[in-house]
Every structure is written in C-alpha cells, then in structure tokens.
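With chain A's structure known, arrange chains B and C on it following the hints.
Protein chains in written order, with the numbering used here: chain A, 792 to 1043; chain B, 5 to 253; chain C, 5 to 297.
Hints listed in this document are in silico derivations from the structure and should not be mistaken for laboratory results. Using N, Cα and C, we set each Cβ at its ideal position, and we do this for glycine too. Certain hints may be false.
Which bits of chain A does chain C cover? Going by a derived footprint, with three or more residues having C-beta under 8 Å, they are [unchecked claim]: (1) 932–943; (2) 955–966.
Below, simulated EDC-like cross-link-like pairs (lysine to aspartate or glutamate); rule was C-alpha separation at most 20 Å, straight line [as the list claims (entries may be wrong)]: (3) Lys941(A) with Asp115(C); (4) Lys45(C) with Asp13(B); (5) Lys35(C) with Glu206(C); (6) Lys941(A) with Asp247(C); (7) Lys10(B) with Asp883(A); (8) Lys45(C) with Glu9(B); (9) Lys159(C) with Glu213(C); (10) Lys876(A) with Glu9(B).
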Amino acid sequence: MSDAGWIRLAVIAAAVLALELACRLGYVDAFTVIAPSQMAAALINVLTSRELLIEISASLLKVAVAVSASVTAGIVIGIVLHPMKRVRRIVDPLLSSYYALPLFAFYPLFIVLLGVGAASIILMGFVTALGAMVLSTLDGLDQIPQVLTKVGRMHQMGPIASMLRLQLPAAAPYVLAGGRLAIAYAFIGVIASEFILSGQGLGFEIGFAYNSFDTRMMYGLILFILLLVIVLNLVLHAWDDRLRLRRRPVRD
Amino acid sequence: MGRSEKIQDAVILVAGVLAIWQCLYLAIGNSALTSPAETISKLIGLLSFDWFWADVLESLRAMVVAAVLVVVFGVVFGVLLGLHRLSGSVAEPVLATLYALPKVSLYPVVLLIFGLTVSARIAFGVMHGIIPVMLFTMSATANVHPVLVRSARVMHLPLRRVVANVVLPAAVPGIITGLRIGISVTILGVLIGDMFASKKGLGFRLMNAIGNNDTPTIMAIALLLSVFALTVNYLLVLLATERRLRAAR
Amino acid sequence: MMAATKPLVSSIAAPSQQGSSNALAHVEVEKVVKIFRGAKKTADVHALGPVDFSIRRGEFFAVVGPSGCGKSTLLDVMAGLSRPTAGKVVFEGSQVLGSVPSGIGAVFQDDASFYWLDVSENIAFGLRQNGTDPEEVRRRLDYAISFMGLHDFAKAHPAQLSCGMRQRMCIARTLVMQPRLILLDEPFGALDQQTRLLMGEELLRLWRETGASILLITHSLDEATMLADRIGVMSARPGRFIDIITTGWPRERTSEIVSDPQFGAINAHIWTLLRKESLLSMRGQQGSAENRG
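Looking at chain A on its own, in the form it has when it is part of the complex (with noise of 0.2 Å):
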C-alpha cells in the first residue's frame, strides 16, 4: 500500500477510535451517535439476520434490474443521438442540466401508474441512472480521434461494422465509466424511493429503525450500506485498472 494509504488508514482508525471514546466517556449521546464497536455488533446482526438478508437481496435485484435497463438504454441513446447534431445542440442544456432536477418530484407519478411495488421503485432507478448512461456514451462517442474514421473509412467499413469494431470499442472506457456510475446512481434511486414511500427493502428498514427508535439497527443498516459501497467502487476500480491498457495513448 502506498503512503497515502497507510496515513488514510490512520486517519480513519484515529477517528474511528475518537467517535468510540467520546461515546463510552458520553460526551455523545447514546440516542443520536452510538460506538463504532456497537455498530459493528449490530452489523453482524443485520448479516446474520435472514428477514433482513432477504430484504437487502430484493433491494439489490431492483438496483440490478435498475441499472441493467438503464446501461442498455442509455448506450442505445447515446448510439442513436450522437450523429445528430442539430438535436444535440437543442437538448444540450436539459441533459447537462439532468441532475440538477428534482427526479424525486416524479416519483409520485411513478406510483400512481406503476403502483406501491418493486415496479416504480426500478424506474425510479432505472431515471436516476440514465442520465449518467448517456451523457458517458455521448462522451466516449465524442472523443474518438477523426483519424480512427478515415481508417475505417480506409477499410471501406460501412455503417454498421463502423459503430460495432471502431466506434464502441474506442468508446468503452468512458462507456464503462458510465456503467460505474450507472450502478452508483441506480442505487440511490432505489434506496431513496424505498426509504420515502415502500414497505420493504433496505431503504425502508432504515427509515422503519429510525422510526421505531432502534438506533441499533439503524446504524448496523448504514454501516452496511456503506461497506457495500465500499466495497464495489473498490471492485470496479480493480476492474478499471485492468482495462488500463486499452485506453487511448496519452500524448505529452
């Protein structure tokens, strides 16, 4: 591990045990913060409990589900608009204006046609992560070296041999990237409807913990959240880093 890493890991633990004393000294309040060693405790039980493991496992196929449709989606987009200057330029400012939407404010909408269900907590996903699908795909599309064309061109590669051996392939590392924060996104939109309007799932178990005053549960609920997000954008940056090679040469 690098220098920065060791220090990170410092920090972290230097906290970490901060948080620990002020708890067990009671500078904080048990009913708002509790000790980092509790919540690891009441982590262990969310792990170990199967109505939660069956919760969080429908939580997780929603956002699977989320952000498979919207990977496709938001790539067929991307592929569709891009040649399409004039339509472009024209819906420029509302997708780089996407996120700054109150995505939640459609949610109601959503329910109404889709019901109380896992349905129109998946769309709500699937519109949170789309945005980023195709704004990547627009990127990774955008930046392809004009040479790369007159190649292809060279070859006499018509349209269609043009977008699958040239165009997506030189695109994949922004496509990717997009993929990345696709998943990112898809899991907010999920636990973020689950947690305001849903019976079930790990956003709700949240929202139901705080509620019923278990701050236990609530906590061991973040702190597994947060590991699993951990855990991923380490996965994926392991995965990031093996594609390395296959990126465009960087010119001093």
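Then chains B and C, alone, in the frame of chain A:
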C-alpha cells in the same frame, strides 16, 4: 453560433417538452398527470396565496445558507487538498466513496443530530453539495499544468503569489463546474430535508400533496422546482462560459 | 532483405527506370478543385486546385508545400474520402468518387492506433474485417511484423509503444492489405529528426519490396528530396503545383543520398520556390497563381 439560433433552439426545446408532456397526459389520463395548461394555472393560483410564498421563502432561505456554506468550505478545502498532494491523495478515495454513498442512508443520522430544525435541512443540503465541490476543486487545482507554475516561479513570484495569481485563476473553470453540480444538488438536498425534517417549506408541501393524492399540486410544485433548478443551473453555466473566467488554451 | 519470406505483392509489373515512356499512369488527378462550403455567415474556403498531375505505376511521388496549402485535402480527394468540387481522380482506369477503392491504402499524421487492441490485432484488423482466410492472415501478419521490426511488441498495446513504433504499426496495418497505391500524409510529423531519417529508409525498403506507387505528403524538404522520384511543389492556399521536379535517383537508394551533390541543388531549388509561398502562407495570404502541372 448566432444568438438567434440559440433562441431558436431554446424555443424548440420548450415546445418539444410541452408537446411530449401533453401527449403523455392524453395517453395516461387525469389520475397521474395534469396537462401543461392545468399545471401552469394551478401554479399561478398557488403563487397567489401567502402561505405558499411563505413555504417558498422558507425553502429559499435554507437553500441560500446551504449554498454559501458549500461554496465557501467546499472551495477552501478543495483548494487546500489540491495544493497539498499528500493530503489530496489521502482524502480523494474517501470523498469518492462518500459521493457514491446514497445520502439517503445518512438522513436518520442528520435528523438525530439536528432534530427537526432548519439546521437539519441546511445540513441535508450541505451534505449533498460539499463533496462534489471539494472533489472538483481539488482536481482542478491539482491539475493545473505544471508549465504554468514553472513559468510563474521563473518570474521569481513568491509562493503565495503563484497560488493566488496563477494556480487559482487557472483552476477556476474546473471549480465552476464543481460549483454547478454542487449547488444543484444542494438545492435538491434542502428540498429533501423539507420533505422529512420540516413542517414548512416546498418539500413539505410536496409530501403533503402526495399524501392527499393532490395531483395538480404535485405537478405544480414539481414544475416550479424544475424551472428553478434549471434556471440556477443555466446561470451557473453562463458564469462558467464568461469570457474572463475561461482558461486560455 | 527478407530472403526467406515471400514479398507481399508479386503481381505488379516491376517499375521501370525513371524516364521510361511505357509506364502507364496508375492514378490521374485531372484538374481537381476542392472548395469547402462555408456555414451561414462564413465564406467558402477554396482549399485546393486546380491540380493536374499523374503518378506512374511504382513511382514514388512526394508533395511539399507550406502549412495549410491543401496537401491533406489532396490526399483525401485521391483516397476517395472527399469528393472534388470540380475535376476527377482516376485510379487504375476507374473514377474515384465518394468511396475508397480497394487497392488504395493510407497512413495519416495523427495517431490512428486502435488503442483497445494489441499490435497484432491492430495490424490484422483490415484482413479480419474482410473475412480473409486465417492462414493467409497469419502469413501476412508475420511478414508485416518482421518487416516493420515489431516482433518484440506483437502482444503489446499501443499505450505501451513510442510514437515511432505506433506509426510503424499503422504502416504495417496498411501494408498487410497489399495496397497498390499508398498515400502517406506526413506520417513522420510527430517524430524527431533522427527517427524520421531512419523511417524514411524503411519507407524506401517498403516501396522496393512491394512495388506499390507511393504519394508522400511532407513539409520536410530533405525528406521529399531524399525519398522521391518526383516532387510536386505546392503553392500556398489554394494549393496548386508551382513545379514538379524529377530527382533521377536510382531505385536502390538510402538516406545516404543526402551526400550526392544533386541533393543540395534540388533542395535549394525547392526552397527558392517554397520560400515565397511559405511567407505568403505565414501571413495568411493567397498562393501564387503560377501553375505548372
């Protein structure tokens, strides 16, 4: 591109959105949507009530405070982390992870700490916005091309001048992009705070309307919020493309 | 020379000595003009022409001219990447219009490496595209890799190579398609002087081995004079040939031709013509109206 073309594009966009909205309304019906015309008239109606304005101002106050906090602390810490490489590389993965974390999972913690006060709503906003501002500012500061710094030092500028007169101006475009994203999500964060932590504010009104199945109000508030968010975003984009602030390349 | 491996192209008639009168024109550029239509409020840009010349089979033809004079536009039109506004290009008897005819290959100045593939996959790209028989792909790939000296890097990715090696890879990628006409647009522009000279020698070797006709666009006078059988000197924009100079070099030449007394004379002559054009180009002015094609 000429101004008339830009105006043309904007008109087509607005017209397109309204048209799609109207079609969706015709397809889906009254229960889920209201037509553009109805929504706009409902909104105008709401805006004539004092209590509605009270809500709007309530939200606006919290948003402004949150935005100022995000800008000041986000940029200052971002610059410091960007200048000091080691701190920057220590902090970066932590910030990136927090960025990907569903802030929703931290709401209960904020509520526990701040209670159902305006501070909670401001905290929500800051929580959402400060990370992107810090990340972008850090990145922009650290990525200022070394040749600029070298040139400044060759001119015998003292370090603080190098930072203030060369590094910071060069980093401004990246910082402004971060501000754009950060302020936008800060606004959303405060709104969500309204929904959970308050008996006042636009978010609260929205939750109310959802509870009452009051579709016209839901749509009217959503419209107001969208227009507001897009306007703020547009103003920040204008700021970003302001000639004096653009990095000469 | 690669005695153990077969040469790439065996069907083209061996190029005769310079000056022979029965060599057929391989590609003819007849009064080609290219004007880029401006958008609403911008003026049209008369980039090229009229240009009128031809390249004989197996000839090495260089084009030199100041920046922005339209040399790249000429290549685009000859390759079929761009349609001429007026005039026509005829390659092996058929007109080149809108699409790239088979038998023409091109190497560009910008880095055109397919960065997601390794070197072997890059080079074999065109062949696999066409569904060439795997045996044949293997054969040509091996030949091109050893010819261009890329054997140690066959499995590397472009990101791991130097600019010069990437350019050699791009040349190899064109080579395996066995083009009869090779167009090169300042292929060595991003390289340092020494590498350029050596790459020039490689280009000559390539030319002799394949017997292809070559059009090389370059802004380096030394390179043009050293490598070419004939040199077209282009004016500032709109590009037109001010003069076409025959060098008279033997086919078996190397970079050491620079010590030939003729070399200096030819270079001096080109510069006399070019100096004025370069000044005009630098000042953003129009090129001379003199035209000898």
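Original post:
Can the restraint linking Lys45(C) and Glu9(B) be considered satisfied, given a maximum Cα separation of 20 Å?
Top reply: holds (12 Å)
**OP:** Go check the stretch 955–966 of chain A versus chain C for me, would you? Three or more residues, Cβ under 8 Å, otherwise it fails.
**Re:** Held - the stretch 955–966 of chain A has 5 residues with a Cβ nearer than 8 Å to chain C, which meets the minimum of three.
**OP:** Take a quick look at whether Lys941(A) and Asp247(C) sit within 20 Å of each other, Cα to Cα.
**Re:** Cα-Cα ~30 Å, so violated.
Subject >> Given pair status - Glu206(C), Lys35(C), alpha carbons within 20 Å >> reply: violated (33 Å)
Original post:
Do the alpha carbons of Lys159(C) and Glu213(C) lie within 20 Å of each other, as the hint requires?
Top reply: violated (25 Å)
**OP:** For the pair supplied as a hint, Lys10(B) and Asp883(A), confirm whether the alpha-carbon distance does not exceed 20 Å.
**Re:** Holds, at roughly 12 Å.
Subject >> Pair hint Lys45(C) and Asp13(B), alpha-carbon separation not exceeding 20 Å >> reply: OK: Lys45(C) and Asp13(B) at ~18 Å, within 20 Å.
Original post:
Between Lys941(A) and Asp115(C), does the CA-CA distance stay at or below 20 Å?
Top reply: holds (12 Å)
Original post:
Hey, Lys876(A) versus Glu9(B), does the alpha-carbon distance stay inside 20 Å?
Top reply: holds (14 Å)
Original post:
With a Cβ-Cβ cutoff of 8 Å, does the stretch 932–943 of chain A contain at least three residues near chain C?
Top reply: holds (count 6)
The structure fails hints 5, 6 and 9 (numbered hints given earlier, in ascending order).
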